[in-house]
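J.: Residue numbers (the working numbering), protein chains in the order written: chain A, 1 to 71; chain B, 1001 to 1258.
Treat the hints with caution; some may be incorrect.
Claimed, not checked - Taking lysine-lysine and the DSS-like style, the derived pairs with C-alpha atoms no more than 30 Å apart in a straight line are:
1) K1244/B to K1089/B
2) K1135/B to K2/A
3) K1135/B to K1089/B
4) K1089/B to K1247/B
5) K1089/B to K2/A
To be clear, the hints were calculated from the coordinates, so they are not data collected in a lab.
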Amino acid sequence: MKTLNTIIRELFGLFVDDSTLALALLVLLSVVALLVHKTWIDTSQTAVLLVAGSIAVLIENIVRSGRQGQA
Amino acid sequence: MLDWIHAGPSMTAAFVASTVEVVEAMTIVLAVGTVRGWRSALLGAISGLASLAIMVLLFGPAIAQIPLAMLQVVVGALLLLFGMRWLRKAILRYGGFIALHDEDAAFARETQQMRGIAAREGRAWDPIAVATTFKAVMLEGIEVVVIVLGVGAVGGMLAPASIGALAACVLVTIVAFLLRRPLSLVPENALKFTVGVLISAFGLFWFGEGIGISWPYRDAAILGLAALLLVASRLAVAYLRQTKSRKQVSSLSEGAIS
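Make a model of the complete structure from these sequences and hints.
T.: Structure representation (structure tokens):
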């Protein structure tokens, strides 16, 4: 049971280290998927939003970590 | 005929990511083997590998049953989370905000821990050694399996991704057993940085495909996405280094004033 718990914890940790980064990415992906599903934007705009949004999320996280002076 | 524009990045991503994971597992196997004996250390490692193989055999065919678009969305999202996590850590390490991973220190820590636990006399196998290497191989191996399935399962590139991962396992094992010491010279942060960029690019590509984006230049777009992520990450590293040096200068001047 303990080994199973460790494996589950490790599996979760594979994708989530900084919870704000993971959450921001998931929100971005959900918004992008919703916009495409509702056909509010075309696919080329979606591609730009997806790529630029992901990079922006990463940069914001790095800048915040840098300001706080820790990871 | 293998499509190398797509197979190349899949194989490279699996090889580089697996190298990082295998080096970490190998450090523990070497520490346990050196202190508690090779027979038990290798039994645990081989049992871990066998368990991983069973896991792949169980989950591999199940993945093939999932509709392609759903698989692309789920795998894409997971790869993006996984890749960005590695990339963030590698950027913070390059920027000097978190310490670099030190295999020599990990080896010393594990060796000390193993010495601290008394071995039971008269036993053919050392259960502590078997359990420790089993757990190490299993946990690091799960990451390798996730990477191989992630970069390989969606685009029909499971074979190149598996070859990449297998090559990393064989290479690291041979080098580790020739040297009989942790592979601290492996540039782990550079590898993690590269993997973070590649895996994130795969994640964006597959998620986009899954929701209906038709990328320009099709599969070759992965390389373009990787290039964009690389540029952004290099800029982030430069920003962190500048922030760090500014903080050092201001703390030095504060010290001089007081």
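J.: Taking the hints in turn, state whether each one holds.
T.: For each hint, the structure was consulted:
no.	hint	verdict
1	K1244/B to K1089/B	holds (16 Å)
2	K1135/B to K2/A	holds (11 Å)
3	K1135/B to K1089/B	holds (24 Å)
4	K1089/B to K1247/B	holds (20 Å)
5	K1089/B to K2/A	holds (28 Å)
Every hint, counting from the list given before, is met by this structure.
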